[in-house]
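Enquirer: Listed below are the residues making up each chain.
There are 2 protein chains.
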Amino acid sequence: MIDFPALGDIVTKTPSKIVMLVADGLGGLAHPDTRKSELETANIPNLDKLAGMSATGLTIPVLPGIAPGSGPGHLGLFGYDPVKYLIGRGVLEALGIGVGLEAGDVAARGNFCTVDGSGIITDRRAGRISTEESDPLVEMLDKIDVPGVKASVYPVKDYRFVLKLSGTGLSDQITETDPQRVGEAPLKVRPISSEGAATAEAVNAFVAEAQQILAEQPRANMLTLRGFSILPHLPSMVDRYLLSPAAIAAYPMYRGLASLLGMKVIPTGSTFEEEIETLREHWDEHDFFYIHYKPADAAGEDGDFDAKVRTLEELDRHVPALLDMKPDVFMVAGDHATPAIMASHSWHPVPFLLHSKLTLGEGVECFSERALGSGSLGRFQAEHIMLQAMSHADKLTKFGP
Amino acid sequence: MIDFPALGDIVTKTPSKIVMLVADGLGGLAHPDTRKSELETANIPNLDKLAGMSATGLTIPVLPGIAPGSGPGHLGLFGYDPVKYLIGRGVLEALGIGVGLEAGDVAARGNFCTVDGSGIITDRRAGRISTEESDPLVEMLDKIDVPGVKASVYPVKDYRFVLKLSGTGLSDQITETDPQRVGEAPLKVRPISSEGAATAEAVNAFVAEAQQILAEQPRANMLTLRGFSILPHLPSMVDRYLLSPAAIAAYPMYRGLASLLGMKVIPTGSTFEEEIETLREHWDEHDFFYIHYKPADAAGEDGDFDAKVRTLEELDRHVPALLDMKPDVFMVAGDHATPAIMASHSWHPVPFLLHSKLTLGEGVECFSERALGSGSLGRFQAEHIMLQAMSHADKLTKFGP
Numbered sequence: 001m002i003d004f005p006a007l008g009d010i011v012t013k014t015p016s017k018i019v020m021l022v023a024d025g026l027g028g029l030a031h032p033d034t035r036k037s038e039l040e041t042a043n044i045p046n047l048d049k050l051a052g053m054s055a056t057g058l059t060i061p062v063l064p065g066i067a068p069g070s071g072p073g074h075l076g077l078f079g080y081d082p083v084k085y086l087i088g089r090g091v092l093e094a095l096g097i098g099v100g101l102e103a104g105d106v107a108a109r110g111n112f113c114t115v116d117g118s119g120i121i122t123d124r125r126a127g128r129i130s131t132e133e134s135d136p137l138v139e140m141l142d143k144i145d146v147p148g149v150k151a152s153v154y155p156v157k158d159y160r161f162v163l164k165l166s167g168t169g170l171s172d173q174i175t176e177t178d179p180q181r182v183g184e185a186p187l188k189v190r191p192i193s194s195e196g197a198a199t200a201e202a203v204n205a206f207v208a209e210a211q212q213i214l215a216e217q218p219r220a221n222m223l224t225l226r227g228f229s230i231l232p233h234l235p236s237m238v239d240r241y242l243l244s245p246a247a248i249a250a251y252p253m254y255r256g257l258a259s260l261l262g263m264k265v266i267p268t269g270s271t272f273e274e275e276i277e278t279l280r281e282h283w284d285e286h287d288f289f290y291i292h293y294k295p296a297d298a299a300g301e302d303g304d305f306d307a308k309v310r311t312l313e314e315l316d317r318h319v320p321a322l323l324d325m326k327p328d329v330f331m332v333a334g335d336h337a338t339p340a341i342m343a344s345h346s347w348h349p350v351p352f353l354l355h356s357k358l359t360l361g362e363g364v365e366c367f368s369e370r371a372l373g374s375g376s377l378g379r380f381q382a383e384h385i386m387l388q389a390m391s392h393a394d395k396l397t398k399f400g401p
Numbered sequence: 001m002i003d004f005p006a007l008g009d010i011v012t013k014t015p016s017k018i019v020m021l022v023a024d025g026l027g028g029l030a031h032p033d034t035r036k037s038e039l040e041t042a043n044i045p046n047l048d049k050l051a052g053m054s055a056t057g058l059t060i061p062v063l064p065g066i067a068p069g070s071g072p073g074h075l076g077l078f079g080y081d082p083v084k085y086l087i088g089r090g091v092l093e094a095l096g097i098g099v100g101l102e103a104g105d106v107a108a109r110g111n112f113c114t115v116d117g118s119g120i121i122t123d124r125r126a127g128r129i130s131t132e133e134s135d136p137l138v139e140m141l142d143k144i145d146v147p148g149v150k151a152s153v154y155p156v157k158d159y160r161f162v163l164k165l166s167g168t169g170l171s172d173q174i175t176e177t178d179p180q181r182v183g184e185a186p187l188k189v190r191p192i193s194s195e196g197a198a199t200a201e202a203v204n205a206f207v208a209e210a211q212q213i214l215a216e217q218p219r220a221n222m223l224t225l226r227g228f229s230i231l232p233h234l235p236s237m238v239d240r241y242l243l244s245p246a247a248i249a250a251y252p253m254y255r256g257l258a259s260l261l262g263m264k265v266i267p268t269g270s271t272f273e274e275e276i277e278t279l280r281e282h283w284d285e286h287d288f289f290y291i292h293y294k295p296a297d298a299a300g301e302d303g304d305f306d307a308k309v310r311t312l313e314e315l316d317r318h319v320p321a322l323l324d325m326k327p328d329v330f331m332v333a334g335d336h337a338t339p340a341i342m343a344s345h346s347w348h349p350v351p352f353l354l355h356s357k358l359t360l361g362e363g364v365e366c367f368s369e370r371a372l373g374s375g376s377l378g379r380f381q382a383e384h385i386m387l388q389a390m391s392h393a394d395k396l397t398k399f400g401p
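Chains as they are written, first to last, in my numbering: chain A, 1 to 401; chain B, 1 to 401.
Keep in mind the hints are simulated off the structure, nothing from the lab.
Treat the hints with caution; some may be incorrect.
For identical chains, the list gives no copy identity; a pair is met inside one copy or between any two copies.
As the list claims (entries may be wrong) - Lysine-lysine pairs mimicking DSSO-like chemistry, simulated, CA-CA at most 27 Å apart:
1. Lys49 - Lys36
2. Lys36 - Lys326
3. Lys326 - Lys157
4. Lys398 - Lys36
5. Lys13 - Lys326
Kindly produce the complete structure, drawing on both the sequences and the hints.
Expert: Here you go:
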C-alpha cells in the first residue's frame with residue numbers, strides 16, 4: 001500500500017461518491033506524419049472541456065521508464081505499491097478467463113508445444129494451434145488424476161491454457177517446466193524451498209500423465225507450464241479506505257483483480273454503454289466505482305493508430321452520461337500508456353484528470369499528454385491517486401495536529 | 001542501485017545505442033542585471049531545437065535542496081543511489097589525479113600546513129603554497145618507509161596531495177589528523193573499530209616521519225590527512241544493465257569513477273572535439289557511451305558568468321556531430337548545477353532532455369532551466385535516468401503480467 005501508515009487515522013466515511021474511469025492504455029505517442037498523438041488527433045470535446053475545469057497531471061505507473069503489465073498498472077491506481085504486491089502470471093491468466101481461485105490454490109500458465117522423438121521442443125507454441133484444436137486436448141488434460149490434489153485445466157486461447165491445482169499444503173515455491181527456448185526438453189519442476197516439495201511432485205506427476213495422453217496427438221504432443229503462483233494477500237480497499245467499492249468491467253481479468261482488492265464486482269455487459277448503464281443502476285449502493293474502458297488499449301496493442309483515435313472519440317461521447325450522475329469526484333486515469341506506434345504497453349507518463357468542486361480548474365486547453373502535464377498535479381506516482389480522490393471527496397481529515 | 005529488484009527480470013540485450021552527454025555543472029541561475037540564466041543568455045540553437053523534439057524535464061541529483069559533489073552527482077546519473085554508495089574523499093581525490101587504486105588500498109587527502117614551535121597549526125593550507133613549492137616536499141614524503149606498508153604520495157595542486165597506502169589488512173576505519181581549525185595540533189589517528197588498528201599505527205608512523213622531514217621547511221612544516229577511504233564495491237553496469245558501456249572523459253576523476261562502475265574507459269584527448277572523435281572511432285564497439293563535457297562546470301566554479309555562457313555555446317556547436325552518429329537514445333544531462341553567481345555546485349534541478357524515436361516531443365521552446373520543466377518528464381530523480389534511457393532504447397521489457 002501507499003507508504004503512509006497514518007492513513008488509517010485520517011480516513012473517514014462520508015456519503016460522497018467517487019468514480020474512477022480507467023481508460024486502459026490511455027497515453028500514446030505522436031504519429032510520425034502528423035506529430036500528433038492519438039489523444040491530440042481525436043475529436044474529444046467533452047474531455048477537452050473537462051480538462052480545463054479539473055486538476056490535471058501525468059501519472060507514473062511504477063517508476064519513470066518502467067512499462068507495467070496490467071497487474072502492476074492497476075494496483076498502482078488503487079493505491080497498492082505495484083513493486084511490493086506482485087500478482088503472478090498464473091493467477092492473472094486465471095483471473096483473465098474468469099477462473100475462481102481460492103486461497104491456497106496454485107495457478108500456472110500452460111502452453112501446448114511440440115517435441116521430437118527424443119523429447120526436444122521443436123515449437124514452443126505448437127504452431128499456434130487454434131482454440132478449436134486445443135479445446136479437446138484441454139478436456140483430456142482436465143481428466144488427469146493427481147493423488148491428493150485436484151488438477152483442473154481451462155482453455156484460454158489458441159495454444160494457451162490455465163492449470164489450477166487445489167488441495168492442502170500447495171505452494172508456488174517451484175520452478176517452471178518451460179525452458180524458454182526450442183532445442184531443449186521441458187524441465188522437471190523443482191522446489192525452490194522446502195515448502196514447494198509436495199507441489200513439485202504433484203506437478204511432475206501431472207506432466208508425466210499429460211505426456212502420455214498427448215504423445216500421439218498430431219499437432220501438439222507436449223506442454224510447458226510457467227508462472228506458478230498463488231493468490232497474493234492484498235489488504236482490502238474496504239478496510240483501507242472505509243469505502244464500499246464496486247468494479248464494473250467487461251473483461252474478466254479486471255473483474256478478478258478488483259475482487260482481489262475487496263471490490264464488489266457488479267455483473268455487466270460487454271460494451272461500455274452497458275457498463276455505464278450498470279453504474280447508473282447501482283449508483284445508490286456504493287461510494288466508489290471503478291469503471292473500465294478496454295478498447296483504447298486493444299487498439300494500441302494492435303498498432304492501429306486510427307482505431308485508437310476512434311476508441312478515444314467513443315469514450316469521449318460517454319463522458320457526459322458519467323458526469324450526469326454527479327459524482328463528487330470524477331477521475332479519468334490510465335493504467336499505462338499503449339502508444340499505437342509501439343503496439344505495446346509503455347512507460348510514458350499517463351494523462352490524468354480529477355474533477356470535483358474542490359479543484360481549481362487550471363484551464364489546460366485540451367486532454368492530451370502534452371497539455372495535462374502543466375496542471376497542478378504535475379507528474380506523480382499513480383499510487384497516490386487514491387489519496388487525491390479521497391481528499392477531494394472529503395474522506396480524509398487533516399494529518400497531524 | 002535503483003530500488004527496483006525486478007530490473008534483472010526485464011532487462012534485455014539489444015543492438016540499440018545510447019549516448020549520455022553529461023555537461024558538468026549544466027544548470028545555472030539568473031544574472032542579476034539581465035535576470036537570464038547562463039543557458040538563457042547563450043546562443044544555443046541546436047540544443048533549443050532538440051529540446052522541442054525531445055522528452056524534457058529537470059533532474060534532482062540527490063534530494064531537493066542537496067548540492068552534490070561530483071561523486072554523488074555522477075552516481076545518480078548512472079542509476080546508483082548516491083546516498084547509499086559513497087565514494088570517500090581520499091579515493092575521489094586519487095581518481096582525480098589518475099592514481100590507480102587496487103582493492104584493499106587506502107587513500108587519503110593530504111594538506112600541507114604550518115605549525116608553530118609547540119606544534120599548533122597556524123595555517124591549515126600553508127599559505128596556499130604553489131605546486132612548484134610543494135612538489136619537492138611531495139617527493140621527500142614519497143620516500144618515507146613505513147614497516148609492512150607501501151606508502152606513496154602524489155601531488156595534486158598547490159598545498160594538496162594524496163597519500164596512498166598499499167598492503168594487506170588495511171582499513172578505512174580510522175579517524176583523521178586534521179583538527180579542521182587553526183590553534184590546535186594535528187591529531188593522532190585512532191582506529192574507529194578494531195579492524196582499523198594496524199592502519200592507524202601505519203598512518204601515525206608515516207606522520208611522525210613526515211613531521212621530522214618537514215620540520216625545517218620554511219613554508220610548510222607539517223601536514224594533515226583526512227578522508228581515509230577504500231574503493232567501494234559498486235555493482236557493475238555490465239551486469240546490471242547488460243550493457244557494454246564506455247566512458248569518454250578528458251578529466252581523470254570521471255574516468256576513474258566510470259571504471260569503478262564497470263565502464264570501459266577509452267583514452268581520449270583533452271578537448272571535447274577529441275572526445276567526440278574518440279566516440280566516433282569506437283562507435284561500433286559499445287552500446288552505451290558516457291561522454292563528459294567539463295568546461296561549463298569549471299567556468300561556473302570560477303564565478304565567470306560570461307565564460308560559462310561561452311562554454312555552453314561551444315557545447316551547442318558540437319551537438320550536431322553527436323546526433324550525426326544516430327544514437328537510438330541521445331541524452332543531455334548534468335551531474336548538478338553550477339550557477340556562476342554562486343561559483344559552486346548547487347542543489348537546483350538540472351536541465352535534462354532525452355531524444356529517441358519514442359519521445360513525443362513536447363515542443364518546449366528552448367533548452368533552459370525554466371523551459372525544460374514543462375516537459376513530460378517533469379522533475380524526477382537523476383537516479384531514474386538510466387531506466388528512461390533503457391526503455392527508450394528498447395532494452396527493458398514489460399514489468400509484471
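Enquirer: For Lys326 and Lys157, with the copy left unspecified, which applies at a CA distance of at most 27 Å: within, between, both, or neither?
Expert: So Lys326 and Lys157 fail the 27 Å test inside a copy (40 Å) and across (41 Å) alike.
Enquirer: Can you give me the call for Lys49 and Lys36, within, between, both or neither, at a CA distance of at most 27 Å?
Expert: Both: 19 Å inside a copy, 18 Å across copies.
Enquirer: I want to check one pair: Lys13 and Lys326. Are their C-alpha atoms no more than 27 Å apart within a copy, between two copies, both, or neither?
Expert: Within one copy only: 19 Å inside a chain, 50 Å across chains, cut-off 27 Å.
Enquirer: State whether the alpha carbon distance between Lys398 and Lys36 is at most 27 Å within one copy, between copies, both, or neither.
Expert: between (42 Å within a copy, 25 Å between copies)
Enquirer: Is the C-alpha distance from Lys36 to Lys326 at most 27 Å within one copy, between copies, in both cases, or in neither?
Expert: The answer is between: 23 Å across copies meets 27 Å, while 32 Å in one copy does not.
Hint 3 from the list above is the single one not met by this structure.
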